[in-house]
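Start counting the sequence shown at 20; every next residue gets the next number (our numbering).
Hints in this document: simulated from the structure, not taken from any laboratory.
Backbone N, C-alpha and C fix where the C-beta goes; we use that ideal spot for every residue, glycine too.
Incorrect hints may have been included.
Using C-beta positions, here's what the derived DEER-type ranges look like [what the hints assert, rightly or not]: (1) P163 - P68: 18 to 24 Å; (2) R66 - S101: 27 to 33 Å; (3) A54 - R102: 27 to 33 Å; (4) D70 - R124: 22 to 28 Å; (5) K108 - V49: 19 to 25 Å; (6) P126 - W63: 33 to 39 Å; (7) S159 - G46: 40 to 46 Å; (8) P92 - P163: 34 to 40 Å; (9) G62 - A130: 38 to 44 Å; (10) P163 - A139: 23 to 29 Å; (11) A139 - L160: 36 to 42 Å; (12) P94 - V123: 15 to 21 Å; (13) V123 - R102: 34 to 40 Å; (14) A142 - L75: 17 to 23 Å.
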Amino acid sequence: MMDVDGVFRGDYGKTVAPDDFWEDWGGTSVHPEVAATRVAISGWAARAPYDLLLDLHAPSPSAETHAYGVPAPTPELESDRSRLMALIKAAQDCPFSATAGSTVRDPDLIARCTQGAQMAEYAALALCLEFAYHRAAAGSLVGPDSLARLGYAVGAAAARFLAER
Numbered sequence: 020m021m022d023v024d025g026v027f028r029g030d031y032g033k034t035v036a037p038d039d040f041w042e043d044w045g046g047t048s049v050h051p052e053v054a055a056t057r058v059a060i061s062g063w064a065a066r067a068p069y070d071l072l073l074d075l076h077a078p079s080p081s082a083e084t085h086a087y088g089v090p091a092p093t094p095e096l097e098s099d100r101s102r103l104m105a106l107i108k109a110a111q112d113c114p115f116s117a118t119a120g121s122t123v124r125d126p127d128l129i130a131r132c133t134q135g136a137q138m139a140e141y142a143a144l145a146l147c148l149e150f151a152y153h154r155a156a157a158g159s160l161v162g163p164d165s166l167a168r169l170g171y172a173v174g175a176a177a178a179r180f181l182a183e184r
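The whole structure should be built from the sequences, with the hints applied where relevant.
See below:
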């Protein structure tokens with residue numbers, strides 16, 4: 020699912036009315052794309068273990084790849100999040116710096132955002148990663164090659180995380 024969120028108008032996806040896609044995961048979804056994704060996830064979760072959701076966001080005005088989190092409802096999920104972030108940071112081919120980022124504290128937003136809703140409904144680790152849109156941590160311009168390396172690094176970290184569970 021791609022959330023264009025008014026980027027073509029220069030909105031850059033931040034808190035676009037009526038709801039940003041990221042904030043449309045609790046209760047009844049406003050956006051049909053989010054509603055359809057939630058139905059698909061429900062079906063997948065009924066057929067196989069559902070342990071991880073990566074919500075990938077761009078752009079971030081920072082050169083950092085950082086994670087937005089919510090307070091984990093269990094110590095196990097908090098430990099899982101720390102372990103996954105360590106694996107992403109350790110990925111040798113990752114041209115970006117991966118930092119822990121910020122933690123959402125507003126209870127209403129926690130209930131509506133991707134991570135909070137997925138952790139509450141499925142006890143799945145959900146992590147929102149914001150990617151730089153212009154420069155990598157090393158100062159180089161972001162382009163298809165560096166984003167492909169980043170995608171590979173995040174995918175490899177996620178695969179290792181799931182294999183070690």
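So which of the earlier hints does this model not fit?
-> 1, 5, 6, 9, 10, 13
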